[in-house]
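Undergrad: Residues per chain, in single letters:
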Amino acid sequence: MADDSANDPHVFEQLPATEADREVEGRATRAEVLEFWSENYGVDPTVFDGHTFWEKGAGKVWVFAADLPSPVDVEAVGMTFLRTRQEHWKPTTDAVQRFGRHAERNVLVLDREEAERFLDGETQDLPRWEGDWGYVIVAHEIAGDVEPIGVGLYLRGELRSQIPKGRQRDL
Amino acid sequence: MDVLARYEPLVDDYEAFRTACERPLPSVVRVNGIKTTPERVRRAFDEQGVEYEPVDWHDGLLKLDDQPGNSWPYVHGWVYGQEEVSAVPAEVLAPEPGERVFDPCAAPGSKTTQLAALMDDRGLLVANDNNLGRLSALRSNAERCGVTSVVVTNSDARNFSLRPFVGDGDHQQPFFDRALVDVPCSCEGTIRKNPTALEKWEYSHVQGIAGVQKGILTRAIEATEPGGTIVYSTCTFAPEENEAVLDHVLDSDRVSCELVEFDLPLVSAPGVTEWEDETYDPRVERAKRIYPHLNDTGGFFCAKLEVTA
Chain V
1 MADDSANDPH
11 VFEQLPATEA
21 DREVEGRATR
31 AEVLEFWSEN
41 YGVDPTVFDG
51 HTFWEKGAGK
61 VWVFAADLPS
71 PVDVEAVGMT
81 FLRTRQEHWK
91 PTTDAVQRFG
101 RHAERNVLVL
111 DREEAERFLD
121 GETQDLPRWE
131 GDWGYVIVAH
141 EIAGDVEPIG
151 VGLYLRGELR
161 SQIPKGRQRD
171 L
Chain Z
1 MDVLARYEPL
11 VDDYEAFRTA
21 CERPLPSVVR
31 VNGIKTTPER
41 VRRAFDEQGV
51 EYEPVDWHDG
61 LLKLDDQPGN
71 SWPYVHGWVY
81 GQEEVSAVPA
91 EVLAPEPGER
101 VFDPCAAPGS
111 KTTQLAALMD
121 DRGLLVANDN
131 NLGRLSALRS
141 NAERCGVTSV
151 VVTNSDARNF
161 SLRPFVGDGD
171 HQQPFFDRAL
181 VDVPCSCEGT
191 IRKNPTALEK
201 WEYSHVQGIA
211 GVQKGILTRA
221 IEATEPGGTI
231 VYSTCTFAPE
241 ENEAVLDHVL
251 DSDRVSCELV
261 EFDLPLVSAP
271 GVTEWEDETY
281 DPRVERAKRI
291 YPHLNDTGGF
301 FCAKLEVTA
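Residue numbers (the UniProt record's numbering), protein chains in the order written: chain V, 1 to 171; chain Z, 1 to 309.
Just so you know, these hints were derived from the structure itself, not from any lab. You can take every hint at face value.
In the BS3-like style, the derived pairs of lysine-lysine whose C-alpha atoms are separated by at most 30 angstroms in a straight line are:
| id | chain 1 | residue 1 | chain 2 | residue 2 |
| --- | --- | --- | --- | --- |
| 1 | V | Lys165 | Z | Lys193 |
| 2 | V | Lys165 | V | Lys90 |
| 3 | Z | Lys193 | Z | Lys63 |
| 4 | V | Lys60 | V | Lys165 |
| 5 | V | Lys165 | Z | Lys63 |
| 6 | Z | Lys200 | Z | Lys214 |
Okay, chain V solo, but in the shape it has when bound (with noise of 0.2 angstroms):
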């Protein structure tokens, strides 16, 4: 028999609603994944009423827009959201990309050239930043609004790009 309380690496089980729920050791908890969006980013929980939270690795949480059964053996359920199990949790660019637009905190809006530097893999200084150091939503204008491209690093005054390799673009 397996043991309950272990992460399985190969499966993907449901986060638990709360740490009174929680039977795997180190999991996230549905509450501190919303409370980590809220208070980092300013992101509203009810923007995630319609979704489910997933574990599968260690640490890798996925955001999934309908529930299963958990366990569940599948390649995928629904779309990599935030990395956990490590001292400073770390959105995804997809997350970004997708919840981004609901975040009033920690936004870095960039400008046209700055935002190329970004896509681009690169490390820029930005002393003008006065949210907090940590992992920022960076974004830009495009078409008349602001749009968030992915992760920032920042800390003293320097802004590092999070952007995957695959994802880079010299444009």
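Position chain Z relative to chain V; hints supplied.
TA: Leaving out everything else, chain Z in the frame of chain V:
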């Protein structure tokens, strides 16, 4: 071997058909409604100096002179490169938000992401493919488009298992509201995109793949609730892979379905009831054949079925 010549008896204006097959197709993108609107995409292309032309039957399709990969709209997952005619079957299926939809041959994902957008990314969209390499393209395309309603599975669609979705429930019972059965085929209709598409054409391959198509469509009908809708589509002109497959399921003891009439915003010809030595159930005329010269697109075949009790 002149593969297209075998379709001369089927096509009204054969010369126009042959000429059209030799003309390359423009690059077309579909606007991803999960992330944006056609208006914003047009405005973003204007800002970047990217030229585009509308497609008159579909507000969300734009013809471009260049490949779209190196543009902000692509980076944002606002657009997906998809041939005009390949946007037809998902529109015919017309899934609604909250439904359970089955896409048994999903990779690399142009139609899957279109289905998700039509569902407003709400409900359960099961995207299956038997090829693990192509599944990784599907996953990355779905994620770029912001699709959260998809479950991706890797299996032979002929034996697709409902076990992951029903848990301890009855996995013999039908489960889906709709299915888009866009099967692997001999792909003659893509000749304008890919001039070498027919180089490896062999009649034995047509016969072999027709068996696979029958198996996939039969399983999809079984897995769909009575009253549910199925769209069967291919990008081949071969009646062996089109009308013959429909004839097979209409006559099957294993499943029960009916072919239904539907409207298309494109010019099409009806399904054929006679081909070489074969005759098919007259109901296959309700299917539609889209030849390249009719709308200046790729070639396509599309049929709409209703699952009956």
